[in-house]
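Peer 1: Listed below are the residues making up each chain.
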Amino acid sequence: DQQVKQNSPSLSVQEGRISILNCDYTNSMFDYFLWYKKYPAEGPTFLISISSIKDKNEDGRFTVFLNKSAKHLSLHIVPSQPGDSAVYFCAASFGNEKLTFGTGTRLTIIP
Amino acid sequence: DAGVIQSPRHEVTEMGQEVTLRCKPISGHDYLFWYRQTMMRGLELLIYFNNNVPIDDSGMPEDRFSAKMPNASFSTLKIQPSEPRDSAVYFCASSLSGGGSRTQYFGPGTRLTVL
Chain Z
15 DQQVKQNSPS LSVQEGRISI LNCDYTNSMF DYFLWYKKYP AEGPTFLISI SSIKDKNEDG
75 RFTVFLNKSA KHLSLHIVPS QPGDSAVYFC AASFGNEKLT FGTGTRLTII P
Chain V
22 DAGVIQSPRH EVTEMGQEVT LRCKPISGHD YLFWYRQTMM RGLELLIYFN NNVPIDDSGM
82 PEDRFSAKMP NASFSTLKIQ PSEPRDSAVY FCASSLSGGG SRTQYFGPGT RLTVL
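Note that the protein sequences, when read in sequence, are chains Z and V.
Anchor point for the first sequence: position 37 equals 51 in this note's numbering, and the numbering is continuous, going up by one each time.
Anchor point for the second sequence: position 18 equals 39 in this note's numbering, and the numbering is continuous, going up by one each time.
Source of the hints: derived by calculation from the structure; they are not laboratory data.
All values derive from a computational prediction rather than experimental measurement.
Even glycine gets a Cβ: it sits at the ideal position worked out from N, Cα and C.
You may find that some hints are simply not true.
To give a feel for the contact side, a few chain V residues facing chain Z, derived at Cβ under 8 Å [claimed, not checked]:
id	residue
1	Gly-63
2	Leu-64
3	Leu-66
4	Tyr-69
5	Pro-91
6	Phe-95
7	Pro-102
8	Pro-105
9	Arg-106
10	Ser-108
11	Phe-112
12	Thr-124
13	Thr-134
Which stretches of chain Z does chain V cover? Using the computed rule of at least three CB atoms under 8 Å from a CB of chain V, they are [said to hold, decoys possible]:
id	region
14	24–31
15	111–123
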């Protein structure tokens with residue numbers, strides 16, 4: 015049973031535009047959410063996170079939104095740059111260090 | 022500071038052989054995680070340790086898989102005997118508890134190919 019779902023395997027966005035990556039979860043006990051970015055032949059790297067007590071967290075070009083009632087979070091990248099082309103994973107946790115990851119979305123930024 | 026170190030980076034072996042993957046976590050981190058990445062399941066948690074003690078191995082697919090953490094700076098994931106369906110990228114990650122961030126730091130991965 016996939017508790018964290020990324021329903022879009024891929025996404026293409028024009029350079030300079032906004033990229034929106036989506037993630038849905040089923041477990042209402044999750045209290046912390048993270049986004050990771052992964053380049054080919056490298057391990058995932060932490061990008062941004064949000065606690066369930068917030069509905070928005072911003073870090074430079076990256077903003078994560080959390081809608082608890084819909085069990086949905088999204089990552090906004092504005093403006094999108096070629097270096098943002100990567101696979102993005104969302105992850106969720108409840109109460110401890112264990113993370114449950116989604117299957118990832120491959121983002122391609124078109125110059 | 023050195024990040025998480027994994028070896029080997031690539032491993033090609035034949036079906037039935039024993040495979041050992043190695044991981045050195047970030048110094049001072051008290052949690053260590055082993056993941057497998059596949060197209061179908063994304064990043065799948067296999068097992069994790071806290072202070073060298075296995076906490077949850079429910080993700081280990083079969084008895085052919087085993088993991089150990091003999092000390093705070095070293096862990097192994099062993100597959101014996103290996104099968105072609107074990108071909109995947111295996112990641113090790115570590116984290117430091119407390120502070121509430123729950124951020125895990127990943128190694129570069131080991132790409133395993135079983136022929």
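Peer 1: Starting from the hint list further up, note which numbers the structure goes against and sort them upward.
Peer 2: Hints 5, 6, 7, 8, 9, 10, 13 and 14 not satisfied by this model.
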